[in-house]
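Residue numbers (this note's numbering), protein chains in the order written: chain A, 1 to 112; chain B, 1001 to 1107.
No lab work stands behind these hints, which were simulated from the structure alone.
Note that the structure is a prediction, hence the values are computed from the model and not measured.
Accuracy of the hints is not assured; some may be wrong.
Said to hold, decoys possible - Only pairs whose alpha carbons sit at most 20 Å apart, straight line, appear in this in silico SDA-like list of lysine to any residue:
hint, chain 1, residue 1, chain 2, residue 2
1, B, 1099, A, 40
2, B, 1099, A, 60
3, B, 1102, A, 105
4, B, 1054, A, 98
5, B, 1106, B, 1073
6, B, 1099, A, 87
7, B, 1099, A, 102
8, B, 1054, B, 1068
9, B, 1099, A, 58
10, B, 1099, A, 86
11, B, 1102, A, 40
12, B, 1099, A, 44
13, B, 1099, B, 1030
14, B, 1102, A, 87
15, B, 1099, A, 84
16, B, 1099, A, 59
17, B, 1099, A, 41
18, B, 1102, B, 1045
19, B, 1102, A, 39
20, B, 1054, A, 102
21, B, 1099, A, 105
22, B, 1054, A, 99
23, B, 1099, A, 108
24, B, 1054, A, 100
25, B, 1102, A, 44
26, B, 1099, A, 85
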Amino acid sequence: ETGVTQSPTHLIKTRGQQVTLRCSSQSGHNTVSWYQQALGQGPQFIFQYYREEENGRGNFPPRFSGLQFPNYSSELNVNALELDDSALYLCASSLAGHNEQFFGPGTRLTVL
Amino acid sequence: GIQVEQSPPDLILQEGANSTLRCNFSDSVNNLQWFHQNPWGQLINLFYIPSGTKQNGRLSATTVATERYSLLYISSSQTTDSGVYFCGGRSQGNLIFGKGTKLSVKP
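Hey, can you work out the whole structure from these sequences and the hints?
Next comes the structure, spelled out in structure tokens:
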């Protein structure tokens, strides 16, 4: 059984740029959720994807967008990067109808 | 509002000691999970525990859903137990996290 994987591990961008983060769900899982974790805080829900559609969204602006592909992998896109977007971005997968989520290793984004 | 609160925020133990971490959650939160965040940032699943008690080695957890709290017990702590422990509860389909308990186990 393959766990959740994310790429890249680290990323440095400058303010105003755009970034794409990638996530492959655990084998058999069809639902992917994205979280942002600022330093010293708990993760905050960004959005969830199921059947290639956004299926719930937290309090994040539209410049945070995503995609899910037929193989259930997902992308998180952030446009017009701001300094406050610097954080650890975590992807979690689950099976629809099951409540337990499993997390990937995260992508650490630094915006200069 | 939707809340998950953890206590204590920080905990320092001597190796071999036992500890209890607490998670209180509001009415709209359920299906608790406990995680250990490793030094590289990955959240490692410890327990999925909507109610009742589970044990896994030196760790155990109890959730009393009717009283809106969950406890994580660590017995005979080891230095490798150090890190941040998070509880997260489901609300409207996704996890709401507490701010974590930072555990430091000294040799």
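Each hint tested on the structure:
1. B:1099 / A:40: 8 Å, holds
2. B:1099 / A:60: 19 Å, holds
3. B:1102 / A:105: With Cα atoms ~19 Å apart, residue 1102 of chain B and residue 105 of chain A stay inside 20 Å; holds.
4. B:1054 / A:98: Within the cut-off at roughly 18 Å; holds.
5. B:1106 / B:1073: Roughly 18 Å separates the two Cα atoms, so the pair holds.
6. B:1099 / A:87: Cα-Cα ~15 Å, so holds.
7. B:1099 / A:102: 19 Å, holds
8. B:1054 / B:1068: 17 Å, holds
9. B:1099 / A:58: 17 Å, holds
10. B:1099 / A:86: With a Cα-Cα distance of about 18 Å, the restraint between residue 1099 of chain B and residue 86 of chain A holds, given a limit of 20 Å.
11. B:1102 / A:40: 10 Å, holds
12. B:1099 / A:44: 10 Å, holds
13. B:1099 / B:1030: 17 Å, holds
14. B:1102 / A:87: 18 Å, holds
15. B:1099 / A:84: 18 Å, holds
16. B:1099 / A:59: Answer holds: residue 1099 of chain B to residue 59 of chain A is near 17 Å, not above 20 Å.
17. B:1099 / A:41: With a Cα-Cα distance of about 5 Å, the restraint between residue 1099 of chain B and residue 41 of chain A holds, given a limit of 20 Å.
18. B:1102 / B:1045: Between residue 1102 of chain B and residue 1045 of chain B the Cα gap is close to 16 Å, so the pair holds against 20 Å.
19. B:1102 / A:39: Roughly 13 Å between the alpha carbons, so the hint for residue 1102 of chain B and residue 39 of chain A holds.
20. B:1054 / A:102: Within the cut-off at roughly 18 Å; holds.
21. B:1099 / A:105: 19 Å, holds
22. B:1054 / A:99: 17 Å, holds
23. B:1099 / A:108: Holds: residue 1099 of chain B and residue 108 of chain A sit about 19 Å apart, inside 20 Å.
24. B:1054 / A:100: 15 Å, holds
25. B:1102 / A:44: Given pair residue 1102 of chain B, residue 44 of chain A holds - Cα atoms ~18 Å apart, limit 20 Å.
26. B:1099 / A:85: It holds: about 19 Å lies between the C-alpha atoms, which stays within 20 Å.
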